[in-house]
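Peer 1: Read off the chains here:
There are 2 protein chains.
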Amino acid sequence: MEQLREVGRPITRVDAYDKVTGRAKFTDDLCPKPCLEARILHSTIGNGRVVSIDTTEAKKVPGVVAVFTCFDVPDRPYPVAGHPWYADSHAEKRDLADRKLLDDRIRIYGDNIAVVVAEDTVACDRALRKIKVEYEEWPVVYDPKESLKGTEHPVQDIKPDNLVAHTCALTSPENLAKYGYKTVDDAINDPAYHHIAIHTETGEQSQVHIETCTSFCYMEGGKIVCVASTQIPHIMRRVIGQALGIPWGDVRVIKPYIGGGFGTKQDIHYEPLNAWICQQLGGRCVRLELSREELFWDTSGRQPKSFDVEASYGDDMLLHARSIRGWSNTGGYIHHGHALVLNSVNSFRWLYHTNEVASRSEAWTVYTNGPHTGAMRAYGVPEGVWTAECLMGDIAHDNGWDGVEFRLKNCIREGFVDEFTPGGAVAAHTCTLPQCVEKGKEWIHWDEKKREYANQTGPIRHGVGVAFFVYKTAVAPFALETATSRVTLNQDGSVQLQMGATEIGQGADTVFSQMAAEAIGVDTEDVHIVSFQDTDVAPYDAGAYASRQTYVSGTAVKKAGLELREKILAFAHRLYPAAGENLDLRDHAIWDATGRQVCTLASLALEAYYNVDANDQLSAYATANVHTNAIATGCTFADVTVDMPLGKVTVNRIISVQDNGRLINPKLVEQQVHGGMGQSIGFALSEEVQVDPKTGRVLNDTLLDYKIPTMMDLPDLKADFVESDDPTGPYGNKAVGETPIISPAPAIRDAILDATGVKFYHMPMTPQRLVEGFKREGLI
Amino acid sequence: MEQLREVGRPITRVDAYDKVTGRAKFTDDLCPKPCLEARILHSTIGNGRVVSIDTTEAKKVPGVVAVFTCFDVPDRPYPVAGHPWYADSHAEKRDLADRKLLDDRIRIYGDNIAVVVAEDTVACDRALRKIKVEYEEWPVVYDPKESLKGTEHPVQDIKPDNLVAHTCALTSPENLAKYGYKTVDDAINDPAYHHIAIHTETGEQSQVHIETCTSFCYMEGGKIVCVASTQIPHIMRRVIGQALGIPWGDVRVIKPYIGGGFGTKQDIHYEPLNAWICQQLGGRCVRLELSREELFWDTSGRQPKSFDVEASYGDDMLLHARSIRGWSNTGGYIHHGHALVLNSVNSFRWLYHTNEVASRSEAWTVYTNGPHTGAMRAYGVPEGVWTAECLMGDIAHDNGWDGVEFRLKNCIREGFVDEFTPGGAVAAHTCTLPQCVEKGKEWIHWDEKKREYANQTGPIRHGVGVAFFVYKTAVAPFALETATSRVTLNQDGSVQLQMGATEIGQGADTVFSQMAAEAIGVDTEDVHIVSFQDTDVAPYDAGAYASRQTYVSGTAVKKAGLELREKILAFAHRLYPAAGENLDLRDHAIWDATGRQVCTLASLALEAYYNVDANDQLSAYATANVHTNAIATGCTFADVTVDMPLGKVTVNRIISVQDNGRLINPKLVEQQVHGGMGQSIGFALSEEVQVDPKTGRVLNDTLLDYKIPTMMDLPDLKADFVESDDPTGPYGNKAVGETPIISPAPAIRDAILDATGVKFYHMPMTPQRLVEGFKREGLI
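First to last, the sequence lines map onto chains U and G.
Just so we're aligned, residue 1 is where the first sequence starts under full-length UniProt numbering, counting upward by one.
Just so we're aligned, residue 1 is where the second sequence starts under full-length UniProt numbering, counting upward by one.
For the record, the hints were derived by calculation from the structure and aren't laboratory data.
Just to be clear, a hint being listed does not mean it is correct.
Given that identical chains are not distinguished, each listed pair holds provided it fits within a single copy or across any two copies.
[Unchecked claim] Derived pair list, reagent style DSSO-like, types lysine-lysine, alpha-carbon separation capped at 30 Å: (1) Lys667 / Lys223; (2) Lys567 / Lys93; (3) Lys159 / Lys718; (4) Lys223 / Lys567; (5) Lys223 / Lys25.
Taking the hints into account, I'd like the entire structure generated from these sequences.
Peer 2: Structure (structure tokens):
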């Protein structure tokens, strides 16, 4: 790969100092206090409707300014997912609008039926307790397959059969006919091949970001201003406009620094309600902060899913045909809807397709009375890859094959183009997966450990496991991919970089700065990125999700940067015509074609601002439309100790090796991988939002009961990379942000299988499930 | 004049609702409190140096965080005037750097020698009282002509003779020779003509804006952020960079709504000191607000000036030759320096030049130990025009001529081009002054009143007076004139307008919105202007001064607006090629050449954001370089009652009639004129910063002692206009903001002369000066 100057530097993140010194301002830091506080009244039933609400006593509580109920708000449904919108010409592709500000139709336990606004939160809480609600209660349905059988009262009237969507991608009859099959099932059931069928389940993982969802709203300049902790400020602007029925230009959203999102903040939650309250109260500043408890049941965790898988394979270790059917429980509201389980079954299909003659990937997304769920890091793919790896692990185990060799024979390769997506956009233009596997295998001492751990006995056993992953980059061609960036030359030759894309803790500001510096020809230290997004002045961008920003917004940065570079050189030529054409900008100066310095960049910048005859404020603004996609790959190897009587798994060593294309900032990517590995270990072993299926109520809505791994629970997390230079990324880069959360969990499952011979199909593999499994197999 | 659609509408100002409801946020509203407070220690001598400062006791005061003295700050002088900067290629034109953050060399009474930073202002004040200062004291010089004789210690070492600058514009020998003269004095002293010589003086007027000078600073993102009440945020960014010796890109200035400036805030005052303190204290937020008292002696009022005038004129009522020599007292620091008195003598020359064969305009600006002075509304012109009108009034009175007729015979006419400015840029491309005079004369009943007020006796007398004025627009060709503007299409078809130019209460945001709407083809109500300037994201603009914004920044708005319009139409053509070329944007829709609607603008805007194949975030960014200038003119007629024993002048009726080119918003211009007339009446009759010439100390630094007219003191202020369509203004407009403060004062002087026959040459004409004059003339 060609060596680049700024891209690839492992520099300290640009917001590091502000964040460690506490200077960085988050939403709540900016809120002018005292201000009005708003708190929600949540339903105490999981299905039914509000018959009446008595707020008389609540309104008498000192400090209470207003109480609004579900009977006060406009009857105007709106969509909440952080998805690209569509113009009128493609209106049919827009997300379903199934949310209202407050609703008398209760679909989930804890649904929003009223809101108290008061001078302080104590008054809010006192008033909340004094509101009397009369309900009509209906039976709760939590199981998606049950829900699909129909309920007396559909969860949402727009989908009377409770089916949000059903899709199925099948190998075409022409392709099946080449092998003499009429259906995919014929290929799967061909007696010339081995047959296997499994059923997997994955629970609801919660994002558990440090900063809760918080916003404050006020009116100014004829606009409603909403300052919010969000991944998607421009989408929030639109949704507030839709929810309030006002022109979107009358809404201004400001996004300060964000304390993590992981997908929660790719949804719109209470911000429209807060904006509406503010509007009702004449523009007074209103703050609405969710409690940690509310985050667990009233924002959107990872959709719980189940999968039925069948496959056939030959003695040659090659997969022959596969089928995956997935069911996803979106709960009472659609949020991200069907896109998630589609991602699950697509990733299942892509990872090990190479020798396949037939495949089916089918999926259902279903309304239930469970908590509404939505986007979480890697957006359905961890569930699909977990399922794929359960299948691969089981086959290797059952046949005594080496799991690495078996996977390598079947896995995705460079040049793969998904036949099921239009235009061949989803493709592995580059793929260093085999080299990644080689690195990981060596680091974990795969062959030695396999030998060492063979034939163990006793209650405590050791195992090594492996899992591969695929992940696409951004959302094209499934949806619009666009981003805009602006770069402006400062008086001192430094550069102002303004993005619509959002820093949410992942390091986006740093990599954008590096890419801008690379494109313009300055140092990253000369780039001042504007971290906040204020929709009044920020360029448009859909926001932080789908590992899209470095790829899509990065394309906009590069385009704008190159345009500014051209403008700088053209201005230099105009000012110093004697220097000739083909000027160069490097080392803080302009150089002519013979290598002589024409002027310093700082001096040129002064001329751009202040030259009396020819000044020109140099700035470039570029919109990127991205129609490509690029598959990132990688693998995880894990070495575990399983204490079977305790149901305790200790991860001794673990490595993830990834092909994320070119690394814009290796240090930041490494940190991303560390975080993702930790979250995946939690997903594997402990993290699950537990729901009472009778009531739909979340049972473990605190961090005491919902267990995320802390530093104390984690081993050293080893991250390594085999870079590739992807031709579609702005600087050869592919998805990074979400990839590390995919393969650690299935690698641990594979290591447990290696250690104990027991196959687990339900994630997380909690002590309870492990002990049940070991008992079932007679090991304890 | 062609009728325009949005330009010319007398709409309510766009910030009206926010300002009357208190929603509008000013600097102090945004300051996160509690924060650190800083207060200055001022010298108690007017000339000398600090020998030592003992801060021991001050530092012991509870709550004090730091005390910095003049011995702690960097020895790095910087300029403070809100003037355009110059690139290295014209470095010689840059303002003198004669300020330091704090200075042991004391030049004025109240000079800044130390600063206390504490948890609250009470602790600051307690600590200030405990600082012990040892001085070496030198004699104070306050009179500029005395100062020019030289002082033992030059006020500023860079100008050892205390002369800041001296300039002289003389009629060329060739032109003089045409009339047989060798020198201007020959023409003035030609015995064939009448000769007159007068001496005038004008005092220091203070701007008295409602919001004092206030700022708060903190560090974020590696930058020093300064939120400040300023007319010139981009210049402030530069000056803070210069004062701290850091790259200008490392400074971020934010300007919220401003409660008036009138020139005070066209200077940089304590913001660099505040930024430096913040830097010393690790980026903690520090607030520095000047008291009302400090505003009087430590920001920059109108420079006191004196003028010597000589003239010759014929019996034909035509001026023959004139000379003006002006001396300006800049005090201990240069601030706006020589530009002010230059404006005085130039405006003297321009107003009544038509029949002249010879002229001299000569000026000196002098350092003294008086309070530093600088820019105030109309920037030297009221003093020059006052002097011109003293001359005209005296001649008319002495000869029994009609003052209006005499002035009209000699005054500026359409087509005037100033021979003394390069390139003929200063010109009256349009001039409706005669029509303005006609209107004013009629409204005041000039001829009737002249007859009615003839031959009065007794202590109380009535009079009518007149004065004309000229005012140039913006600062080209004397200095750089540039501005930048950005317009962006919102999703709903509304438009986001971003300016570097600043709303400081004058209504700039409203007229920019109207001009943008006119250019783009939308309604003003569809334009959302971003009122705040944040140098991190705002386009560059020099700021609010010199009546430049509607002219220069307006040119940028028009350019950007037309460019956005073109982009919208081009995008529509791309999307709907069948609609053909020559599309039109009006009435919220796109129309084809046959008048058929192609699509609504709102629908097109959605496509611009979300069209999957062809989306493009439509935005335009334009820099205007303005090399023209345009002279605005007008006149004031006043009817007064003079109570001679009381020294009291009552303005009974007063009208200003102006030619400001085309009025962008007649209602706002009228309000500008009302404000200016009020300030001019104050300047005429009461407003003067009184300085003790022995110590340099300001004697009347409160609003009890410095008397501005309130609503109770003012008559109905009548404003009228005769519009012209200036070819150089973006929409035919010329200067507005400063023009109304010029002619009311001399019109009142003329009315007093009419009433009493007494000639006053010292402005303000306070009761004391009036009584002295009437006594001198034996009238009381």
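Peer 1: Tell me, which hint numbers fail for this structure?
Peer 2: 3
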